[in-house]
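Based on these hints, arrange chain B on the given structure of chain A.
In order, the protein sequence lines correspond to chains A and B.
Following our numbering, the numbering of the first sequence begins with 1 at its first residue and continues without gaps.
Following our numbering, the numbering of the second sequence begins with 1 at its first residue and continues without gaps.
To be clear, the hints were calculated from the coordinates, so they are not data collected in a lab.
Treat the numbers as computed from the prediction; the structure is a model and nothing was measured.
Treat the hints loosely; a few may be bogus.
Some chain B residues judged to face chain A by a derived CB distance under 8 Å, without partners named [unchecked claim]:
1) Pro-34
2) Phe-100
3) Asp-101
Think of the CB as a built atom: it goes at the ideal place given N, C-alpha and C, for glycine as much as any other residue.
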Amino acid sequence: MLVKRPHDYLPSELTPEPLYRRRRELLRAAAAGAILGAAGAAHAASGGLPKLPSTARSRFSSPEKPTEYKHVTRYNNFYEFGTDKTDPYQYAGRLKTRPWTVVVDGECAKPRTFGIEELLKLPLEERVYRLRCVEAWSMVVPWVGFELNALLKQVEPNGNAKFVEFTTALQPDTMPGVRLPVLDWPYVEGLRIDEAMHPLTILAVGLYGEALPNQNGAPVRLVVPWKYGFKSGKSIVRMRLVEKQPLTAWEKAAPHEYGFYSNVNPDVDHPRWSQKRERRIPEFFARRETVIFNGYGGQVAQLYAGMDLKKFF
Amino acid sequence: MYLTPGRIGALKALVFLAALSPFGRLAAAAVWFPELLGANPAEYITRSLGDWCLRFLLVTLAVTPLRRFTGWNWLLRLRRMLGLFAFFYASVHLASYIAFDHVFDLVEILKDVLKRPFVTVGFTAFLLLLPLAATSTNAMVRRLGARSWRALHRLVYPIAILGVLHFWWMVKRDVTEPAIYALLLAALLGHRVVHAWRDARGGRAAASARAPAAGSPR
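Bound-form chain A, shown alone:
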């Protein structure tokens, strides 16, 4: 028969048993948090991952209410683990995140390799950013991380460093999604050097005050809040300073759909989705009008002064 049983209730959509058992404890903790809430700036998570050192909330943080932890961690695009939004939550647990190193090389005076422990020792801060996916949905995410420029400055980029090429992890034995040639693995992204050095561009190592869950790009990922989500590569292993504009994974896959810049822009239509409005997860109606540069135009519009944003989409 063709009629399949509908899989309306995925195991991942139910509360995991350990969490369910701890519910009273969590409720108490939440109540305590509500009383002490003003003391700690960071948003509390319930992921059970290692806590990060107490972090100050950045002046770049949005005052909007963050999307619930369970939605941020269970609705992800991380195609290495499958193309369904719930695949990363289900399968990313296998990702090996230790040992982990990030190579920073290319056009610079002091290329070097950073161990993840070293990155975690950098001064961290909380950044509550809007995240706008090219698929016309959005979230508000309390990331924990540091500005990418803090790292790039350490390798002393030279005059030829016009772009940064980001390469993300490729672990065929832990990533079921890379068996299919959905994209040309490993996933590669890129930024212009001034975009990479911009104070809004961060490397995130945490979420909701805790270590980054695998499905969100553990142990370290890029976050560029004024661009569509796919620009913010997950599980970064290499950053190469280059002279020529890198060819990104999505540009390779569908050049007419995904441009190098991919700035959030309601006036540049995507062949698949109207970008006029967006649905804030988990709302039903896409009632929010999308704002150019995802609302960060005040800080970043000058990067694109004089550029035709319809041409450089």
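Chain B in isolation, oriented as in the chain A frame:
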């Protein structure tokens, strides 16, 4: 296997309830437990409704081949209802897109239909379903005459092709799921092509012995 009229009535009632249940589950979840539908309940609903529309189109198209293989002629008695359920799921799928994705912004919807190929083919398929739904009654079969009714209802073939194409063009990269629908549809349509070819080669007598009642396209 022969079914008495009473049994067919009971079977129809059962199939009706079964066919309505995916909608019932989605509606109940949307109203009372949106959490069960995940982080993006509207997307889940729209896609599920689209899936069910395609499934009912395929099931409707499976009636004739299945009847030929099994000799269960009573299957034909279910086909109208199955086809109307395909139309029902197409309608609520479209309605959820209009409401959830575009919040009833008709100008934006019109642009979407004209501009995005996957929306264009999906909407075309829906428009083509309208005359089929409108002529689904016995009275309409009589009014049109069996021959032209049958000709009109052959529209279900391009409708199903457009429906699968709509799904195929909608997905971003991984076309596994639409490919499954495409394969099933190809098998169902291929069966008809082979059958028609055999008929044309002179199997007329045998074919007419198996011929369905008036007013049914195959």
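Provide an ascending list of the numbers of those earlier hints which the structure does not satisfy. none
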